[in-house]
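Based on the hints, put chain B in the right spot on chain A.
Protein chains: 2
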Amino acid sequence: MEKIYDYQQLYSFCTAIFNKMGCSNTDADIAAKALLAADLRGIDSHGIARLTGYVRLWQVQRVNATPQIKITHETPSTAVVTGDAGLGLVVAPFAMQVAIDKAATCGTGWVSVKNSNHFGIAGYHAMMALPHGMIGIAMTNASALVAPTFSIERMLGTNPIAVAIPAGAEPAFVADFATTTAANGKLEILQRKNAAAPTGWIQTKDGEQSTDANELKNGGSLLPLGGDRGHSSHKGYALGAIVDIFSAVLSGANYGPWVPPFPAYVPMPENLPGEGIGHFFGAMRIDAFRTADEFKQHMDNWITRFRSAKTVAGQAKVIIPGDPEREMEAVRMKDGIPLVNAVVEDLKVLGEKFSLPFA
Amino acid sequence: MEKIYDYQQLYSFCTAIFNKMGCSNTDADIAAKALLAADLRGIDSHGIARLTGYVRLWQVQRVNATPQIKITHETPSTAVVTGDAGLGLVVAPFAMQVAIDKAATCGTGWVSVKNSNHFGIAGYHAMMALPHGMIGIAMTNASALVAPTFSIERMLGTNPIAVAIPAGAEPAFVADFATTTAANGKLEILQRKNAAAPTGWIQTKDGEQSTDANELKNGGSLLPLGGDRGHSSHKGYALGAIVDIFSAVLSGANYGPWVPPFPAYVPMPENLPGEGIGHFFGAMRIDAFRTADEFKQHMDNWITRFRSAKTVAGQAKVIIPGDPEREMEAVRMKDGIPLVNAVVEDLKVLGEKFSLPFA
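For the record, the sequence lines run as chains A and B. At position 2 of the first sequence (counting the first as 1) the number is 2 in our numbering, and the numbers step up by one without a gap. At position 211 of the second sequence (counting the first as 1) the number is 1211 in our numbering, and the numbers step up by one without a gap.
Looking at chain A on its own, in the form it has when it is part of the complex:
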């Protein structure tokens, strides 16, 4: 059961909620756009379904609605940004803009962020680089759900990586993926349906293969991209580790098992080695390497060649990263965004608390 909502309606509700938290109009606008980009692009687990979660983090004072976001250290091509415990939805666009500004003057910009919170979908921030004729990169660590290869302990988050690359006549290449076999959102869908998960997604608390989509509640873990050692899970583990180190060890955020949890009721880990959650952003000016025209021509050639690659029987075409999300965004901007009942009910309760009716 689901209900369809107009983007504008959800945007108004989100900004109003962020305002009630104490966010400035500017920050409420920035946060609502970042959050709803997930719903538009079909990554429902990371969108408005999490609004209540953000509010709860603010209620327990883990989110600061009026942060002083600042650069604390910099060189011509790098910066560390401190988010002052602000919403990641606000801190991340600030930091990505710093990366873009640095790229404008010296070719590339790289920003590591500490004391932030969850930032929505990585792809949204990476895509900020596209209108500037730049490649955008965004990654973040997250609270530990993933066991490294050979381990039964949750040590890494789903730690996504997004890379957005501009093209010419073709739409941009936009990869945005968790460094696990399956993102947590996919598991949530199976949980709602009471369906089994494929092997290679999760393990039990003892490290046995499991197809129980609820295994995490029993102490199990998500598995790194690859699934098991025979299918190179050590590569997914390495990718998640690189995201963790770039996002948090470079900046001074918490890393590994110490990353603060998203649910406000889950206690914070003890003996924190850093501040908040960490992100990492990059921007590379295309014309810092070759003329934008040449690059766009070859990028178009790359995309059309891959899209026309011979397919396996039953598949219409090879997908270019970003194709499904862009197509979804066009549909949902026009026809509206479906929200499942559980999310609608949750938003109604949230709205009542703030005297902001959600219909």
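Honestly, the hints are just simulated from the structure, not real lab data. Among the hints, erroneous ones may be present.
Said to hold, decoys possible - No farther apart than 27 Å at their CA atoms in a straight line, the calculated lysine-lysine pairs in the DSS-like style are these: (1) B/K1020 with B/K1033; (2) B/K1205 with A/K317; (3) A/K70 with B/K1296; (4) B/K1334 with B/K1186; (5) B/K1205 with B/K1186; (6) A/K33 with A/K353; (7) B/K1217 with A/K310; (8) A/K3 with A/K205; (9) B/K1217 with A/K317; (10) B/K1020 with A/K217; (11) A/K205 with B/K1317; (12) B/K1310 with A/K205; (13) A/K296 with B/K1070; (14) B/K1205 with A/K310; (15) A/K310 with A/K296; (16) A/K20 with A/K348; (17) A/K205 with A/K193; (18) B/K1317 with A/K217.
Note that the structure is predicted; figures quoted are calculated from it, not measured.
This is chain B only, laid out in the frame that chain A set:
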């Protein structure tokens, strides 16, 4: 059957062969060290076993032994380097040094390379950053053996990514992996043993799962990390694509199905869109983000915490990327490098051609 060789003996043979090709003493030294780093670190498929292959590429004039390697475009933090068809083993260290020099002055350096050839193992070049207190990144495209998700056509190489991160008292974190489920070298080992490959490594020419380690000879393909769509092969495909675009579309090298093949007898693809093979290198100064001391202390904490994570039954410890290769290097530097008979025979034939006996 194998025979053990002293590192110094192999080094002398390699430099002598490179000299015979016309390489300067300096270039022969650089190339031999880069090549043999693979043998030392246990990545036997990419080491001296390929020496004959490099010589054959020189014989058919695809490798230029006296290249004019040059920066053709640059900004404070970026450069494009043209390899002038030189050995990748020589071009890559040149380009990585440019990245390191740029990082020294403006925080980070990023170099895309065109008109190069195969560069050995990515990890060797990334590790060049470590003594400078920098994070090193290296990637390369390679001739197409990998089918994107939903495709039966070979469109990408095994396109490896290496990231080397310095630590304090702990050894550096060094990840170096192909963006496929299995590197080609692992397949070669199974081929020699006539053993079956696990599912998820390869598909037939029609896109069916296969366990035949020789399937590539029948028109089959390697699979991107993940293996199939249900296990997120689209993520491995995206990673391989990013490596291809950063290495070749940014620089002006060949990309996708047009990347020149390593075996000299395989004809070049037609209508090449660029020059040679492409690489991409990055260097990030640690103290462009935070003090080196702080970073090293937290990196040590990261490494010791992960290494002591609880293991599944039967596993002694969680491995930090780079641990096995570093341990192998210590053993092989001391006890020698084992070469299988086929490689020994191949090197003997090569030596005879150049009047350089290989015992």
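Q) Which hints, by number, does the structure contradict? A) 8, 10
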